Amino acid sequence: MSKFKNQIILLVRQWFLSEDLSLDGQLTRRGLVKILGLIFFLLAPILMLPKIAFGRKKIKKKKKKFTGEPPGPTPKWGMVIDLDKCTGCGGCVAACMAENNIPISRDGELYFGTQIYWMELLDPQQKVGPELKQAGLIPLPCMQCEDPPCVKVCPVGATMIDEEGIVAQIYDRCIGCRFCMQACPYSRRYFNWAEPYWPETYKNYINPNVSLRPRGVVEKCSFCFQRIRNVREIAELLNQPIKDEQVQRLPACAEVCPARAITFGDLNNPESLVSKLSQSPRAFQLLHAEGTKPKVTYLTKTTGGLSRNE
Amino acid sequence: MEQPAHGNRNLRTMTRAVKRISALSAVVVLLLASGCAALTGKQVAQPFWFNHKIHMKHIRHCIDCHVFAQVLPVAGIPSRSICTQCHSTPQGKSLAEKEVIQWFKKHPGEQIQWVIVDRLPGDVYFSHRMHVTLAKMKCSTCHGDVKNKTAPFTHIRIPFTMTQCLACHEKMGARLDCTTCHQ
Amino acid sequence: MEDLNRREFLKAAFATGGLGLAGLAGCGVREDPLAYFRKPEDFMPEKPPVPGEKKWFFGETLTLASSCYQCSVGCGIKVKVEEGRAVKIEGGDSPVNLGGIGPKGQSGLQVLYDPDRIQNPLKQQGKRGSGRWKEISWNEAISELAEKLTKIRKVNPQGLALLCGRPRGMMVELWQRFCQVFGTPNFFDPFSTSDGGMKTAANFMMGTQDLPGTNWSETLFVLSFGAALFETTCQGIYFTSRFSSNQEKNPVKRGRLVQVEPVCSLTAEHADEWIPILPGAYDALALGISHVLVKENLYDRKFVETQTYGFENWKDSEGKTHKGFKELLGNYSPEVVAKMTGVPSSVIVKLARDLRQYRPSVVFADGRSTSTSNGFEIARSVLALNALLGSINSPGGLLTQIPPPLSRWAAVKLDETAEKGLKFPRLDRGNKNDFPLCEGGAVEVLPDKILKQEPYSLKALFLYYVNPLFTRINPDRWEKALSTIPFIVSFSPFMDESAWFSDLILPDCTYLERWEDACIAPTTGYPIFGARQPVVEPLYNTKNTGDVVIELAKKMGHPFDLNFPWGDFKEVFEKRAEGIHKIRKGSITSHSRKKFYENFYEKGYWENPPYPFNIDLFKTPSKKFEFCSQTIKSMMKKEFSNFEQICFPHAELPHWEGNKSDFPFYFLPYKPITYAEGSGANIPRMWEIHKLQCGVPWNWESWIEISPEDAALMKLSEKDRVKVSSPVGSFGTHLKISSKIQRGMIWMALGTGHTQYGRFAKNKGVNPKEILFPYLDPLTGLPGNWGTRVKVEKQ
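Protein chains in written order, with the numbering used here: chain A, 1 to 310; chain B, 1001 to 1183; chain C, 2001 to 2795.
Please keep in mind that the hints were generated in silico from the structure rather than gathered at the bench. All values derive from a computational prediction rather than experimental measurement. Heads up, the beta-carbon is just placed ideally off N, CA and C, and yes, glycines get one too. Where hints are given, some of them may not hold.
Derived contacts from chain B toward chain C, CB cut-off under 7 Å, selection only [unchecked claim]:
hint	residue
1	1102
2	1108
3	1111
Now the stretches of chain B that chain A is said to cover, found in silico as 3 or more residues with beta-carbon under 8 Å [said to hold, decoys possible]:
hint	region
4	1143-1155
5	1167-1180
Computed list of chain B residues with no C-beta within reach of chain C, every gap over 10 Å [to be verified]:
hint	residue
6	1046
7	1051
8	1053
9	1056
10	1060
11	1064
12	1068
13	1084
14	1085
15	1088
16	1089
17	1116
18	1139
So that you can see chain A by itself, here it is in the shape it has in the complex (with noise of 0.2 Å):
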């Protein structure tokens, strides 16, 4: 018995370096640490098995309890813009800038390719493609994607699309490597080269529903979704379905278009006028065959009325 007590002795004594036992065998502190380092190393699995096993299911367990959305199926956003009635103005741009508190851009070849703009109108000498070959100045808001690449590719999932069809960026988890930019087949993303610049009097007319981005995070057009959380939130309280009429025109661009020309809408609902402008002949989508599935479509600009009468 002894022997085997000895022999137990030695190979602790082994195991734990002479140090770690004092010459009396009473264990120092460094001896403990590694103890109690051992002890925790083979709990912890075990500690957290019954975290693995229920967490996720409580979590799905409890979804229901709370029903806080509108009556009526979730919404999916779209857009169509009507190259027939735009003017090319430029309000939609404008509108946008003011709306989400994009800082001015600087001038000087220091800052050169530091603007940012969520809405952009298209230089007409890039126009390609037989269905652009009519149109003069093309709005170009963020396409939306249904199957957005630029989700896919950020490595901190700072951009996400939610359940109602909305791409989205998170400026807080961004960490700026631009992956997003170079995955936007249509270039609706914009990265803060510069630190915002506001002079002192225009931060009064900064919107307070917008958060301002910092430097070096990426930005894009939201859809105007403070507008939707508003929309929706009351209809919720009222426990109302959303009205179509109550969204045409809800993003900034679509509110100010002086022509009318930028249709907002749910393309779930097929009786929403946004549906019934996409299904039009005329509709088509940019680089459609990327696969990207834009929810913003556009209407050909025709050659009048006239014309199609003869």
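For this one, chain A is given, so just place chains B and C on it according to the hints.
Relative to the frame of chain A, chains B and C by itself:
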């Protein structure tokens, strides 16, 4: 002969370690303290001594004064017109009330410049109407025991973290999209 | 030892790790090491305090109706105001803009919160242009002004001149009244600046002092002669909204827009068809189309017979036969016109037939169409063509704008000094043979007259919303002339070039801070009237110029106090709007006065539709549309050789300064939608949008556009900088090669090249007006931006 030397050496390393650890902990404590300072902000002075406890004796519910809480994202601070519904004439004998009534007389058309202590970060959206009207949460769940507060607010009192928000949203089955709370 | 080292190593690792953590905390920051914990203000900065902030409580939001003043349309706007700060401008539901609003209207907040606004009345301390300003109080400023004016008035009341840059409204009338009471004939309204051609033509042919409105939503075929319909025309946003409501109709009835223009402008690009033409040849084309209409018997016989004068030949009381418009048209056969305009004769015939077939059809011209020296002829030919089509005061045609029924001011009571002063001729009409048909004022002739001091010298000059040192043709002339005037007062809210050159600045509020009427541009035809109310309290120590005029009148005593009995400009406005309240018609019909104004300010506008098509609206001597203007006949001196011809619309060749061999290009500067003639250049957003619209690199500040053929011929590429020179001057700039430009033409945006006007406009690009030659139409005195030839060289 060896032992004292050994002990000495141990002692030396120990003291060195203690020094380093204390320096390290000082850094950590400094960081934590500054973090807390950043979270809690400076102490502010309110223009008048507002006593919630006394008011709650005469008013049934918070939203009688904080009128926007049910219908708007921002609960708002009561406007002058709400105060003067009662306080156009003195209701009690308190010094604070006298001060307020005098101020009202002196500054017609002006609002009391209450200092907002609980300010949301700019990237966070919080909708009072959703939590109050739809989820039927009690004000005290987040704001604490304001009913019994006798002094005006001087510090940030709702040091919420995203974890806490998410925990409740998960528990209640509310929306978890980033766009629900962030902007 | 080994263990010890390891232990040391571990401790060191901990220490460095800790330090690293601390370092990490410090790296996102510059001055504040705690900024790693993002504070709320990192995301949303504290807004600077504004006046009147204390009247608002936390969470309070209002939406106020007002009217835009970023261009002359006068769209309704709704301004969202949060805690005393305007945060967003949205389109109001006024019938002009139907809920939309243009890019300039959207950017109004960058005007309101411009960091370089003038904040106090300023007095020039040193030499003019030295920029040594002293801030003075309003009381001081107005007293000084009153004193100076009284002195001038005693000796020569005609020595005061007023340049007024805003096109319409009560402020113009108030200034006019002030000048009358003062006794000076030198009130120059902006009549001649942009739409002078159209206005003068409408005056002679239709008897209206204003542009015609339109009924586009009913129109099937629109032919635009270079009108900047979707850009800077006086009714831009109205046209845009009506164009789209026309497009919305069922596809069979959808209208068609054809733009005839030398360059494929923004409007031409969005039209259904663009027909290239030589610059300034619209009058020939309009007459050519008229010729085809008459020859093929396609014109509206009923309208021409009943409502026009001078179409057929007629005999006067002496028995002499006069030629009618019909016979004069014989000179403009399509083949002749094709040579004059560069438009093929088949296209001319087709246009004429289309105009007839798809009725109602209308032909448009505006300030851009009439910017050559023959602008007056262009405007008259276009109106005559509309009359042949029967599209005047008819559904889908041009409409005579009916003014709102405002009550009138009491008649002006003049004293002897005023009457003495008013007997002098206006400065631009020193010689009566100059510009016999001049209406508003041949402003461009002023520098010469001021310098020559004939017929008299100017002692003081007021500048109200006008910046002659930038926007006038060849501003150097103006600077020379202005430097001889002893006293210049500016009312500009911004430090523009002319304000910089003045002696006293009495800064106005911006349009979002003041009470004013919004006299909407002629659009709907039926009477419409808008209100402009302050949405925020004046940010700085500025004053509504209306209030300043009234205060000044009070300080100057008799006879001003009799003629300006009001307390402030709001009272003026409400007194006149009383007329609308009294008729109890239209969209607001409240009986009580208080209710009326409440409703009015809540909606922001008043309207009285529909348009009465059956009423006789021509106010000419014959009460008809006059092909042969009798007003011109009475105004003209008989000594003009082609007197008979002048009464009728006819084609004239535009004047081009510089000979073709030395200066091969037509220089066509245009007003872009963004910064018009430079007034929008202090809005940074306008620069951003303009560069998008033109598709040029961000670091370009101004550029010329040239056709690819010309560029290839001169071996120019977009990387080159070029020197553009005219007989007057030259400048260097960037070059953009664009297939939208015809050969032999140079297209360039106005509005760049400020030397003052705030940080966003200052020293950016070049001003094309510097190399323009000031040629004036000898009949009307109208200047033209298009009238100079240039050459282009690689720099």
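To see whether the hints hold, each was checked on the structure:
{"no.": "1", "hint": "1102", "verdict": "violated (17 Å)"}
{"no.": "2", "hint": "1108", "verdict": "violated (10 Å)"}
{"no.": "3", "hint": "1111", "verdict": "holds (4 Å)"}
{"no.": "4", "hint": "1143-1155", "verdict": "violated (count 0)"}
{"no.": "5", "hint": "1167-1180", "verdict": "holds (count 10)"}
{"no.": "6", "hint": "1046", "verdict": "holds (13 Å)"}
{"no.": "7", "hint": "1051", "verdict": "holds (20 Å)"}
{"no.": "8", "hint": "1053", "verdict": "holds (22 Å)"}
{"no.": "9", "hint": "1056", "verdict": "holds (20 Å)"}
{"no.": "10", "hint": "1060", "verdict": "holds (21 Å)"}
{"no.": "11", "hint": "1064", "verdict": "holds (16 Å)"}
{"no.": "12", "hint": "1068", "verdict": "violated (6 Å)"}
{"no.": "13", "hint": "1084", "verdict": "holds (12 Å)"}
{"no.": "14", "hint": "1085", "verdict": "holds (14 Å)"}
{"no.": "15", "hint": "1088", "verdict": "holds (17 Å)"}
{"no.": "16", "hint": "1089", "verdict": "holds (22 Å)"}
{"no.": "17", "hint": "1116", "verdict": "violated (6 Å)"}
{"no.": "18", "hint": "1139", "verdict": "holds (16 Å)"}
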